[in-house]
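Asker: Here the protein sequences come in this chain order: A and B. Residues in the first sequence are numbered from 0 upward in steps of one, following numbering that gives the first Met the number 0. Residues in the second sequence are numbered from 0 upward in steps of one, following numbering that gives the first Met the number 0.
Note that these hints are calculated values from the structure, not bench results. Everything numeric in this text was worked out from a predicted model, so none of it was measured. There is no bait here: all hints are sound.
Calculated lysine to any residue pairs in the SDA-like style (CA-CA distance at most 25 Å, straight line): (1) B/LYS331 <-> A/PHE15; (2) A/LYS26 <-> B/HIS235; (3) A/LYS43 <-> B/LYS43; (4) A/LYS188 <-> A/PRO255; (5) B/LYS198 <-> A/VAL134; (6) B/LYS289 <-> B/THR301; (7) A/LYS20 <-> A/GLU122; (8) A/LYS138 <-> B/LYS138; (9) A/LYS103 <-> B/GLU274; (10) A/LYS20 <-> B/ARG333; (11) A/LYS43 <-> A/ALA27; (12) B/LYS66 <-> A/ASP137; (13) B/LYS217 <-> B/SER307; (14) B/LYS103 <-> A/ARG333; (15) A/LYS314 <-> B/ILE18; (16) B/LYS103 <-> A/GLY60; (17) B/LYS198 <-> B/ASP262; (18) B/LYS103 <-> A/PHE63; (19) B/LYS316 <-> B/SER288; (20) A/LYS103 <-> A/GLY60; (21) A/LYS270 <-> A/ALA332; (22) A/LYS198 <-> B/VAL134; (23) B/LYS316 <-> A/GLY19; (24) A/LYS331 <-> A/LEU269; (25) A/LYS43 <-> B/GLY216.
Here are some, though not all, of the chain B residues that point toward chain A, as calculated from beta-carbon distances under 8 Å: (26) VAL32; (27) ASP37; (28) ALA40; (29) ILE41; (30) MET56; (31) GLY130.
Note that CB positions come from ideal geometry on N, CA and C, so glycine has one too.
Given next are the chains, with one letter for each unit.
Number of protein chains: 2
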Amino acid sequence: MKNEKNGKSMGEMGEFGFIGKIRQALKARSPVVLGVGDDAAILKPTPAHEMVLTTDMLVEGRHFDFKTITPWQLGAKTMAVNVSDCAAMGAKPLAALVSLGVPKDFPVADLEAFYDGLRQWGEAYGAQIAGGDTVGSDKFVVNVALVGEVEAGRALKRGGALAGDALFVTGTLGDSAAGLDALQRSSGKGEEAAGLLVKRHLTPTPRFTVGRALVTGKLSGCAIDISDGLSSEIHHLCEESGVGAEIHEEAIPYSPALIHYCDANHLDPLKFALEGGEDYELLFTIPLSKIAGAVQKLPKETGVAVKSIGRILPKAKGISLITLKGERVPLKARGYDHFSGNQ
Amino acid sequence: MKNEKNGKSMGEMGEFGFIGKIRQALKARSPVVLGVGDDAAILKPTPAHEMVLTTDMLVEGRHFDFKTITPWQLGAKTMAVNVSDCAAMGAKPLAALVSLGVPKDFPVADLEAFYDGLRQWGEAYGAQIAGGDTVGSDKFVVNVALVGEVEAGRALKRGGALAGDALFVTGTLGDSAAGLDALQRSSGKGEEAAGLLVKRHLTPTPRFTVGRALVTGKLSGCAIDISDGLSSEIHHLCEESGVGAEIHEEAIPYSPALIHYCDANHLDPLKFALEGGEDYELLFTIPLSKIAGAVQKLPKETGVAVKSIGRILPKAKGISLITLKGERVPLKARGYDHFSGNQ
Chain A
0 MKNEKNGKSM GEMGEFGFIG KIRQALKARS PVVLGVGDDA AILKPTPAHE MVLTTDMLVE
60 GRHFDFKTIT PWQLGAKTMA VNVSDCAAMG AKPLAALVSL GVPKDFPVAD LEAFYDGLRQ
120 WGEAYGAQIA GGDTVGSDKF VVNVALVGEV EAGRALKRGG ALAGDALFVT GTLGDSAAGL
180 DALQRSSGKG EEAAGLLVKR HLTPTPRFTV GRALVTGKLS GCAIDISDGL SSEIHHLCEE
240 SGVGAEIHEE AIPYSPALIH YCDANHLDPL KFALEGGEDY ELLFTIPLSK IAGAVQKLPK
300 ETGVAVKSIG RILPKAKGIS LITLKGERVP LKARGYDHFS GNQ
Chain B
0 MKNEKNGKSM GEMGEFGFIG KIRQALKARS PVVLGVGDDA AILKPTPAHE MVLTTDMLVE
60 GRHFDFKTIT PWQLGAKTMA VNVSDCAAMG AKPLAALVSL GVPKDFPVAD LEAFYDGLRQ
120 WGEAYGAQIA GGDTVGSDKF VVNVALVGEV EAGRALKRGG ALAGDALFVT GTLGDSAAGL
180 DALQRSSGKG EEAAGLLVKR HLTPTPRFTV GRALVTGKLS GCAIDISDGL SSEIHHLCEE
240 SGVGAEIHEE AIPYSPALIH YCDANHLDPL KFALEGGEDY ELLFTIPLSK IAGAVQKLPK
300 ETGVAVKSIG RILPKAKGIS LITLKGERVP LKARGYDHFS GNQ
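Make the full structure from the sequences, and use the hints.
Answerer: Here it is in structure tokens:
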């Protein structure tokens, strides 16, 4: 893509030329008082709220490859990843700062498409681009820092789980990792299913509405987003909360596309769900007394399926998986670690 | 540095191992309610304040070279650059999000030194590290997003200058660019001066106290930090304010080190001041009626020298330099553009 001659490159247009060009599309609106174009952006917080701050960096060749993702999709995904962190806190996204390292020969048209993806997915969840930094780089690097807000004292924390709580997830697990597998494998087997899984991998949907419903309905004080595979995330949650947990294999929600793809390619959906990454579903707890209400309310209010997959136990019980055969086996964290292995 | 065998590398320790290690040094304190270790950090804003948001990305081989800057210095500088943006708004820095792209063979000890620099310089200005993201990368990339706050409606904006205002700068200009020149040239001429200039380049001092004094003393509504050379920054300020300006060459403040270094190497200090970058001094306006008070008050309150270098004019007058000979010449913006030229 970088060598296509579709219009100006960043080297020809320059940093300030590009900022001037995109600035018109990024007019600040409340609660952003001052947006792109000053030393910093200004945001007016809502009284009785706390600010939620999160950031994610994506590096070309590590987290994405322009052979398999378009600039627009990458923009949308970068925003989605950050919105997902906000959602896991139960917060409303408000303002994003976008830092880009861009190769000299990168086409301006592609950068605009990238910004369109960022901006459109930001707006879909209430976040506007309020500022950033654009620098030269050998490889394309993007960092988004997202600022949101949540009613004071009501954020969903990893440390909020209590023994006895039920453990829930949104949507289905393993799709994104299977989509990545399909991109890399290209077996041609289960192709239609693979297409759906690839879409889940390239343009994940952050569970913003569920995070907000958990806060506004006072249903939960504990959530985490599943970016590194269920087995890792349950360990993070249990560590922070000082608890153990059990997960029932039979309850883990799979999409029909995942089952079909795994059948066609002799793969194990459980592996994708536990060890895969980038599902951006939410893992959260509900106290026993609120389960009935939550199960009824959440899908209706949010349009997102939620499923109980296990429960929180005292710490001494450890973290285990109850297999389809009813055996209890220790569940190890085997999520994605950016510095180990090949990825 | 990367190939030295001084302890573990990031590839051996892994992302989560490293996060666990630094987390103890990054305990959250008010106004950060929740720090490193959750999906997002939580910050409690002060009532009647607005949040100020800024971000800067630095890329190895573009903005720095580990041959000439230590990891600790790079950490300090990255924080300083962001604090400078906050200072240019008159805001107090509160919380930083730190994203790192780190090569696999990068020594953990160096990364800890980098974090020490970040943390220590953040604390010097009131900013704590509240979260971040650590990923793998071929080259070292760091992005800091800094959140600060300022009394509502009182931020210093680029667009706040009015014709008739006096134009001031803090400190001395051109030192950092001359320091970079000294690093690249290594002529050995004017060596002692070069050492001071290199220090200014590697560990700049953000003018936090001046920004705050301008706000709390109600002395100004307009400032910008000088990161790309005076000639560029005056253009940014004038464009946003819809005004012109004149700058008097004889009033531009140079350090003795800069004059000595330029004399020894037959260089022009004016070029460094106008076209150089990374001074991180402040350029700001003061209304005529407040000049006397400001000139007396600012150095005493802040310990930083300030100097009037010109004045704001109506837009039609354009932007000009009054040379030492008394000639008025148009002043072009020739600051640093990350996508043009060799840098």
